[in-house]
Amino acid sequence: MPAPAHQKPVFRFAPSPNGLLHLGHALSALINQQMAEVADGRLLLRIEDIDLTRCTPEFEAAVYRDLEWIGFRWEQPVRRQSEQLDLYRSALGRLDDMGLIYPAFLTRGEVKERVALAEREGRIWPRDPDGAPLYPADDRSRTHQERQDLLERGLKHALRLDMQKALTLLDAGLTWHETGDGERGTIHADPAAWGDVILSRSDAPSSYHLSVVVDDAAQGVTHVVRGMDLFHATFVHRLLQVLLGLPQPVYHHHRLITGPDGRKLSKSEGATGIAALREAGHSPQDLRHLLGL
Numbered sequence: 001m002p003a004p005a006h007q008k009p010v011f012r013f014a015p016s017p018n019g020l021l022h023l024g025h026a027l028s029a030l031i032n033q034q035m036a037e038v039a040d041g042r043l044l045l046r047i048e049d050i051d052l053t054r055c056t057p058e059f060e061a062a063v064y065r066d067l068e069w070i071g072f073r074w075e076q077p078v079r080r081q082s083e084q085l086d087l088y089r090s091a092l093g094r095l096d097d098m099g100l101i102y103p104a105f106l107t108r109g110e111v112k113e114r115v116a117l118a119e120r121e122g123r124i125w126p127r128d129p130d131g132a133p134l135y136p137a138d139d140r141s142r143t144h145q146e147r148q149d150l151l152e153r154g155l156k157h158a159l160r161l162d163m164q165k166a167l168t169l170l171d172a173g174l175t176w177h178e179t180g181d182g183e184r185g186t187i188h189a190d191p192a193a194w195g196d197v198i199l200s201r202s203d204a205p206s207s208y209h210l211s212v213v214v215d216d217a218a219q220g221v222t223h224v225v226r227g228m229d230l231f232h233a234t235f236v237h238r239l240l241q242v243l244l245g246l247p248q249p250v251y252h253h254h255r256l257i258t259g260p261d262g263r264k265l266s267k268s269e270g271a272t273g274i275a276a277l278r279e280a281g282h283s284p285q286d287l288r289h290l291l292g293l
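Each residue of the sequence shown is one higher than the one before, counting from 1 in UniProt numbering.
Hint data in this document are derived by calculation from the structure and do not stem from the laboratory. None of the values given here were measured: they were computed from a predicted structure. Certain hints may be false.
Okay, the calculated beta carbon distance ranges per label pair [said to hold, decoys possible]: (1) 34 / 259: 39 to 45 angstroms; (2) 151 / 285: 52 to 58 angstroms; (3) 193 / 109: 43 to 49 angstroms; (4) 167 / 201: 42 to 48 angstroms; (5) 137 / 177: 32 to 38 angstroms; (6) 109 / 280: 17 to 23 angstroms.
The beta carbon of each residue, even a glycine, is placed where N, CA and C say it ideally should be.
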């Protein structure tokens, strides 16, 4: 659905400063910029630094430097997630008031052992669209008193969404409008495929899923343009938007840049880093040629 006639379309590029940007980031930034220009829209930059243990000021400075070099131009001010923690806590509180949040105490190692045992016994453990095993039902099924006892013991825990309960609150099926490089048109979302997703951890007060939908709504983003690797994450984002009463943007999931092994690039791929290409003497036009733009 297009933006109202009185409102300019709003696009955003939202990198995480936990490493150096690579060609995949450049592609996403420049596609956002091209689409904003065609739509006579606004273009925002958001720094997704919610992971306070991995994101650094040095990497954030490198983000600005690399984006300026490739010719990406954004509105000021830049929104930084680390400055929006109260907003995320408020959203978590609303979901908690709806009875949709529970503390989850199992460690990754414990979940891994549980999955390995099930598979040794010939049972198939359900997995999410990224291939990770779904979280067991142990903590979701605990009584209130059991949870309180564990919390009072100071056990480390995450906060997860009770997916089964959340889905019972929906009046209808979840869909979104997609304009990207894969499926287009009306897409049906299946958030149950992700199980009880994490919404908050001790080292990250808000998960990617929660903070991204809260930020998009707060910034008035009308068009979310991002890589195809986040296509299925939209299942969860649409659910959270409905639960929190947030507006629904148009989604555009674009092609990915892959490495020699056929997998999407990571920030450890130094040879494809924007800074490395610049230092090797390439120009911004060379980079656009590499991207097929």
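Going down the list of hints, with the structure as the test:
Checked against the hint of 39 to 45 angstroms, the pair residue 34 and residue 259 fails, with Cβ atoms roughly 24 angstroms apart. At about 57 angstroms, the CB distance of residue 151 to residue 285 agrees with the hint of 52 to 58 angstroms. The hinted range of 43 to 49 angstroms is not satisfied by residue 193 and residue 109, whose Cβ atoms lie roughly 24 angstroms apart. For the pair residue 167 and residue 201, the beta carbons lie near 23 angstroms from each other, so the given range of 42 to 48 angstroms is not met.
Between residue 137 and residue 177 the Cβ separation comes to about 34 angstroms, which falls inside the hinted range of 32 to 38 angstroms. A beta carbon spacing of about 42 angstroms between residue 109 and residue 280 contradicts the range 17 to 23 angstroms that was offered as a hint.
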